[in-house]
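Residue numbers (our numbering), protein chains in the order written: chain C, 1 to 165; chain V, 1 to 837.
Calculated from the structure, these hints are not laboratory results.
What you are looking at is a predicted structure, and each value in this text was computed from that prediction instead of being measured.
The beta-carbon is built from N, C-alpha and C at its ideal position, and this holds for glycine as well.
It is possible that some hints are incorrect.
[Said to hold, decoys possible] Below, computed lysine to any residue pairings styled on SDA-like, alpha-carbon distance capped at 20 Å:
{"no.": "1", "chain 1": "C", "residue 1": "24", "chain 2": "V", "residue 2": "11"}
{"no.": "2", "chain 1": "C", "residue 1": "44", "chain 2": "V", "residue 2": "161"}
{"no.": "3", "chain 1": "V", "residue 1": "443", "chain 2": "C", "residue 2": "23"}
{"no.": "4", "chain 1": "V", "residue 1": "443", "chain 2": "C", "residue 2": "55"}
{"no.": "5", "chain 1": "V", "residue 1": "709", "chain 2": "V", "residue 2": "687"}
{"no.": "6", "chain 1": "V", "residue 1": "776", "chain 2": "C", "residue 2": "1"}
{"no.": "7", "chain 1": "C", "residue 1": "24", "chain 2": "V", "residue 2": "693"}
{"no.": "8", "chain 1": "V", "residue 1": "709", "chain 2": "V", "residue 2": "723"}
{"no.": "9", "chain 1": "V", "residue 1": "103", "chain 2": "V", "residue 2": "185"}
[As the list claims (entries may be wrong)] Residues of chain V clear of chain C, computed beta-carbon distances all greater than 10 Å:
{"no.": "10", "residue": "110"}
{"no.": "11", "residue": "191"}
{"no.": "12", "residue": "192"}
{"no.": "13", "residue": "193"}
{"no.": "14", "residue": "196"}
{"no.": "15", "residue": "197"}
{"no.": "16", "residue": "241"}
{"no.": "17", "residue": "308"}
{"no.": "18", "residue": "339"}
{"no.": "19", "residue": "604"}
{"no.": "20", "residue": "638"}
{"no.": "21", "residue": "651"}
{"no.": "22", "residue": "660"}
{"no.": "23", "residue": "787"}
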Amino acid sequence: MNTLLEKYTDEVQTILAKYPPDQKRSALMPLLYLAQREYGYISKQAMNEIGEILDITATEVASVVGFYTLYHDQPAGKYRIQVCTDLPCALRGSEEFLKQLCENLGIQPGETTADGLVTVEEVTCLAACDRSPVFQVQTPDGLVYHENQSVENAMKLIRTWQSKP
Amino acid sequence: MAKLVTLTIDGITVQVPPGTNVVDAAKKAGIDIPVFCYHPKMEPVGMCRMCLVEIGRPVVDRATGELVRADDGSVKIQFSPKLETACTTPVSEGMVVINTSQKVKDGREDILEFLLTSHPLDCPVCDKGGECPLQNLTMEFGSGQSRYIYDEKMHSAKHVPLGDLIYLDRERCIQCARCVRFQDQIVDDPVIGFYNRGRALEIVTYSEPGFDSIFSGNTTDICPVGALTTADFRFGARPWELNAAASICTQCPVGCNLTINVRREAISQGRMAIKRIMPRQNEWVNEIWICDKGRFGYHYVESEERLDQPLVRKDGKLTPVSWDEAINLVSMRFKQAGSNLLTLVSGRLSNEDLYNIRKLTDSLNGKSALYTQMGGGDVVAQVGMSTGSNLANLGKGDVILVIATDLHQEAPIWWLRVKQATERGAQLIVANARSTRLDRYAKYPIRYAYGEQNNLIAALVQLIDPQKFVDAKAIKHLSEQSIIKDTAEALKAAQNLVIFFGNEGSGVADSQVLAQTCAILLATTNHAGKPNNGLIPVWQRANDQGAWDMGWRPPTDLSTSIKEANALYIVACDPAGDDPRLSLTPDFLVVQDLYLTPTAKLADVVLPALPFTEREGSLTSGERRVQRYYPAIPGRTGALADFAIAAQIAKACGITLEERSAAKVMDAIARENADYAAISYTELANVEEQWPIIGRADLYYGGTSYENKQGLGMQLQNAVQKGEPFQISLPELVEQSGEGLLAVPITRLYDRGNTLIPSQLLRTHLVSTVMWINAKEAKQQGVEEHDVVQIECGETSALVTVELEDAVPDGVVLVPRSVGIPISEPCRVRLHITERV
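Bound conformation, chain C alone (with noise of 0.2 Å):
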């Protein structure tokens, strides 16, 4: 049984749609944060399903999610919070930013919350040196930037995601 096709038949066939029938592997990507957006994280059972979708092994689904860092092969929290560490982004903090950050949330970077709602990670380049400390957040509905962040500013965002239901 593919529960990824049989719950989204119609956003399959659209993504499908967009290419070849006879290259159809090229749906992989858009297949991948399919999956990532309903499991939180690309799950070998995904991996399955998505090659049964597009005729390839799981094995060459899995070399596309291990080559890609957008892609997470483990589960993690609903919120995923990626700090950029890098040296720009160290001369302007983000290194006492994410300790701050963790200290706040009880966490080690790489950790998620008690509660499965955050996971901090350290990432390196965010494209945004001028702009730090800067986090993106991985969330149910995609990838949002946040720049010129405070520890505050962070937990705010943080407190309205806690109470959302």
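With chain C's structure known, arrange chain V on it following the hints.
Chain V in isolation, oriented as in the chain C frame:
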């Protein structure tokens, strides 16, 4: 032929075809450019950077297009500021390549330093140690010292089973992607891949059940380090302890060339033991690849169960006796039986065995029969692959027709070579009653109902030549289909035509007719007797073709022939094992085999034979290439080669047969059999230089497969090529008939034959006693997946487990051959459920 490109490499002038890369061009000139990721059988990727060279190109005046010359008149050469990768750089006219400068050496030293930053220093326990490209190139170009901080080495998992046959050591991997590319590009089974990036990159499989590909062993040959090892050989021996013997694979009619690595060892009680089977290059046959059945399925020859002395039934019990006693008894009884002697052999035997046993039987006026489920060997002798044929020559403009066989399961290397031909532009027609893995490369995938295969070929013949099969009612519904009409047009336009035929859906008689219709198709399209054209039989056994060539024929009705015989001489086959209900109760039964098979257990005399690894012999492949194998280890005391046993029985009967050596038997064959007149063991040992050049000191180039120094074999001339008249008349066509569920036996690579069971390693891969049926038909028959059902065919029956499979046509169940289900030909069956889980 395209104009050659001239360049110089280290001052040597080289001429190569345009498009050649610099590594290959250098190789042709005898210059080795070191590589890790490049492999001559695969597209270059430039991943490892080991092949860095200095490359200069002639300076061209942009205004005039003329070459710029120095004062002395020589062409001015502009060198790139940086080193370039030789594998991804195609040659160009006037190019100058420098492979030996200090700059090049420094570049390579740096690359090696990078590769070794996290490579473990476990060469002393590594299976690749001694034949490792990384080890060798580090000795040649490495600095001997690393500036990398030892404590920062990355450590990864060292024993990762990618499947149950191949193990990965992640630390040793240098990320060249040869294995990943082999699985993707060469065998189109991409079940291993890369995960992550940079230093974290690793080989993974997310497929179920893991790295399960019938060609997986080849990745360990081309792996330039000890990252991939086989479960069979790992920690088994060091390469420098091994001796090598040339051999031929006996698992299928392709005839892949092998090297058998052996050593004398304490753990084998001081005996010589086989440590591994490796491919031996033969670009006419298997290139440098073999399938996993050939690589891992050899353990039966070493089985402890093997017979090592003759047995004679005394007081109802098989009792060990001397050879003299056994031979005397056998010869006396055979002489008494005379024309009531029936000899039954299989294509597992060598040409020499088949010749001698035939001679013995004929001299006693006995009858001879070939144990097989397929016919057509005599047709192949007329229009088989012609001398000078190579499947690698097929490409654009050529057509390959594959009918009634699943090549991927029956003859994997042929599957591979047909697939590669389609990549070079050959058009493929795959005709079968069900879809098979070859379909994905077919331009014309044709479906017919089981039993219609002969009519399909006849329909094609009729469309091409309306004078043939005129008014044949049986083919009308076929020749009206547009895909079949298109296929006929493609056949008409073919420059070369190769036809593979098997026996899926046919018995012996039907497949004989299929061979005839295919031969008529070859003749009608005027392709018979020409190089790169011909008929290839997909036999069940390695030397079925040799058996036909030595005069053996399948009996019209085996059980009747057996019933009529007073004395039975059964060699290298196990009819009682295949069909337990077969009545094997002649007055005198002699069985000659490796083990005490179910047939041998019924015998009055059992004669122990030697397997192919312990003697000499020759086999004739489906492409009619005669190839010889050599003894890999000394013969086990007490057993004899089949041809020698036959000669001893003959001697005791007063008949002279050659028993001194297989080579001398081949000389006798050559004197008597016109097709084999040119064959001798000396001729079979001839070699020529092959491309790519592999297996020499530069293991990094082609991998650890062996160079062929022991013979490429000889392809026989077929009758048409020799100018003999084409003697195949149009067969009668019959309309598809019969009611009820049809059971069709199919061949699976990993069956449960006597020669495969002893290989422990393959045990989980073996097909079990199942029956495949599609979901719709299952419903109709009232069976469900995993049901155990009694499948009844006439008087015989067997218990099988139901497995659902979409590819099975309606009204049909498929059963595997050689697993103990006594259905050797298609037959109408009834199902009775005995157990539901």
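Fill in: Status of residue 787/V, Cβ more than 10 Å from any chain C Cβ
22 Å, holds
Discussion item. So if I understand the rule, the pair passes when the alpha-carbon distance is 20 Å or less; does residue 776/V with residue 1/C pass?
Written reply: OK: residue 776/V and residue 1/C at ~18 Å, within 20 Å.
Discussion item. Would the hint linking residue 24/C and residue 11/V be met if the CA-CA limit is 20 Å?
Written reply: 50 Å, violated
Worksheet item: Does the claim that residue 660/V lies outside the interface with chain C hold up, using a Cβ gap greater than 10 Å?
Response: 54 Å, holds
Fill in: Non-interface label on residue 110/V, tested against every C-beta of chain C at 10 Å
Residue 110/V is indeed farther than 10 Å from all Cβ atoms of chain C, at 25 Å.
Worksheet item: Can we confirm that no CB of chain C comes within 10 Å of the CB of residue 191/V?
Response: Non-interface label fails for residue 191/V: nearest chain C Cβ at 5 Å, not farther than 10 Å.
Worksheet item: Once the closest CB in chain C is found, is it more than 10 Å from residue 196/V?
Response: 5 Å, violated
Practice prompt. Mind verifying the non-interface call on residue 241/V? Its CB should be farther than 10 Å from each CB in chain C.
Written response: About 36 Å separates residue 241/V from the closest Cβ of chain C, which puts it past 10 Å; holds.
Worksheet item: Beyond 10 Å from chain C, beta-carbon-wise, is residue 192/V?
Response: At about 6 Å from chain C, residue 192/V fails to clear the 10 Å cut-off, so the statement is violated.
Practice prompt. Quickly compare the C-alpha distance for residue 443/V and residue 23/C to 20 Å and report which way the hint goes.
Written response: 17 Å, holds
Discussion item. So if I understand the rule, the pair passes when the alpha-carbon distance is 20 Å or less; does residue 103/V with residue 185/V pass?
Written reply: 34 Å, violated
Discussion item. Would the hint linking residue 24/C and residue 693/V be met if the CA-CA limit is 20 Å?
Written reply: 39 Å, violated
In this structure, the earlier hints numbered 1, 7, 8, 9, 11, 12, 13, 14 and 15 are contradicted, and the remaining ones agree with it.
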